[in-house]
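Each protein sequence line maps, in turn, to chains A and B.
The numbering used here numbers the first residue of the first sequence as 1 and each following residue consecutively.
The numbering used here numbers the first residue of the second sequence as 1 and each following residue consecutively.
Source of the hints: derived by calculation from the structure; they are not laboratory data.
It cannot be assumed that every hint is accurate.
[What the hints assert, rightly or not] Chain A stretches covered by chain B per the calculated footprint, using a threshold of three residues with CB under 8 Å from any CB of chain B:
| hint | segment |
| --- | --- |
| 1 | 301-314 |
| 2 | 329-340 |
| 3 | 347-354 |
| 4 | 375-389 |
| 5 | 409-422 |
[Said to hold, decoys possible] SDA-like cross-link-like pairs, simulated, lysine to any residue; straight-line CA separation at most 25 Å:
| hint | chain 1 | residue 1 | chain 2 | residue 2 |
| --- | --- | --- | --- | --- |
| 6 | A | Lys413 | B | Val24 |
| 7 | A | Lys413 | B | Glu40 |
| 8 | A | Lys413 | B | Pro25 |
| 9 | A | Lys413 | B | Leu37 |
| 10 | A | Lys260 | B | Pro57 |
| 11 | A | Lys413 | B | Leu28 |
| 12 | A | Lys413 | B | Ser32 |
| 13 | A | Lys413 | B | Leu19 |
| 14 | A | Lys413 | B | Gly26 |
C-beta: ideal position from N, C-alpha, C; glycine also.
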Amino acid sequence: MSDLHHRTVAELAAALTAREVSSVELAGAYLDRIERHQGELNAFISVTRETALKQAAGADERRARGEGGALLGVPVAHKDIFCTRGERTTCASRMLADFVSPYDATVVERLQAAGVVMLGKTNMDEFAMGSSNETSYFGPVRNPWDVTRVPGGSSGGSAAAVCARLAPAATATDTGGSIRQPAALCGVTGMKPTYGRVSRYGMIAFASSLDQGGLITQTAEDAAMLLQAMAGFDPRDSTSVELPVPDYAACLNQSLKGLKVGVLREFFEGLDPSIEQLIRAAIDVLRAQGAVVRDVSLPNLPLSVPTYYVVAPAECSSNLARFDGVRYGYRCRDPRDLQDLYRRSRGEGFGQEVKRRIMTGTYVLSAGYYDAFYLKAQRVRQLISDDFARAFHEVDVVIGPTTPTPAFALGAKTDDPVTMYLNDIYTIGANLAGLPAISVPCGQTQQLPVGLQIVGPHFGEERVLNVAHRYQLETDWHRQGPPRFM
Amino acid sequence: MSLNRRDIDNIAQLARLALTEEEVPGLLTSLSRIIGLIGELDRADTSQIEPMAHPLPGQRQRLRADSVTESDRHELYQGNAPSVEAGLYLVPRVIE
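So here's chain A without its partners, still in its complex pose:
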């Protein structure tokens, strides 16, 4: 049983079904691993040991009664942006450091109904604003491949936890790359579904037209299993889409023969040559399986970072207006009057990056600037979205690197936010256009993992998962982890 943590969700589910291991034993094994490595990695904000063991015992009872289900008894970790009833939900902010959610997010509720066991709440950038997990009020997460480097962000805790096998899988969210970028930097699989595919109810809002819940896993197959339970219409999210959810597992093995793959030309400009080489090798793996590869161009894509840094802060400044020091969250001491209560509770409760984005958003939405910045950005966003739509008339998926560089050193980019923002240059496009995208490990440079990104058309999750799975059948990068944690 000592090798349990090497296994994928699919393999653990099989072991549980075969009664090779109980859910309580499995949860216990992961909780022990979390305890052993938490000091070094800081991947968790809360470890919910009692809840985990109780839920695991419940799953074992359900199985004893003859119940089944693909995920019954499988442990996962939740990003601390998802509300979990009766447990602390902090969003990695001082503002919510003591907040205990009165309800469950739909994602949490659905996974729980499927028998999934919650191990704990993973660390992240404060309110999901960051690309390195250094903006967390609870301190940075460290990359298990090299603890002097960042794990990426904002879902850095989820990525580091899966990378170090402290959890077989974790939920995550992606507003500008927050699932795919840390997945790439930690050498794990990160799946962002189509906007509206997974309910945002109970997922603390950052930028509501971009936010989407998804997964960090070891394999595309695991992402398919978990997404099956998470996805689907939810009347409590007004942008949740009323479309049937396909059987993702059934599509995984489909042949790639004749699949039209578009290689995004704009993603290779200025790319680190060692990463380019790995991406080209990954393209060859798909070609060898019968995929037809051609170049595609999205001429407006280079404007995705400036577009994002208008739209996302604008929505953030409006969403975070709810934190007023009155109804929940942090309140300053001895407020002089109501204005002082608002201003100091927010000034003291939010960290630097969150304040910077609220200020940016307030500025671009303020009188006299709304047309020049906000409406202009929404027009360019339409151009970028049209570029993708045109590409998907010609190809089935578009591919390229997930990030321009491998994991960088802690502190390397904290002085200049714009340098940090440019790290998301390849991931933001899929958010602006609302598209599904996955990052899978495709090699290493300087002994650090590199991610291959596969983007599909709206509601093309099954295609994206299929291409990723077929790639993982031919390669073993997703099986590799930092030796110390294996």
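With the hints as your guide, set chain B onto chain A.
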């Protein structure tokens, strides 16, 4: 385009954020940099383009019937409030 101290104070007031003196220089520099970055949008010709209103083509905001769907759970929700009395949120006196 770069911002000055008065701009920062004005934005902070609109955003209801109290800033410390130590925070201001860093925000001044970084916000000026960010506004430079977003100035790149001027390169795009958008004269014929409508602003995007929804991430998914053809989707509109869904409406539901105007009926009561929640029960009264104010005690549970107010459990997270910093200061409550008799079911009311307490704030500093507004009218003397």
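Quiz item: Which hint numbers does the structure go against, in order from smallest to largest?
Solution: none
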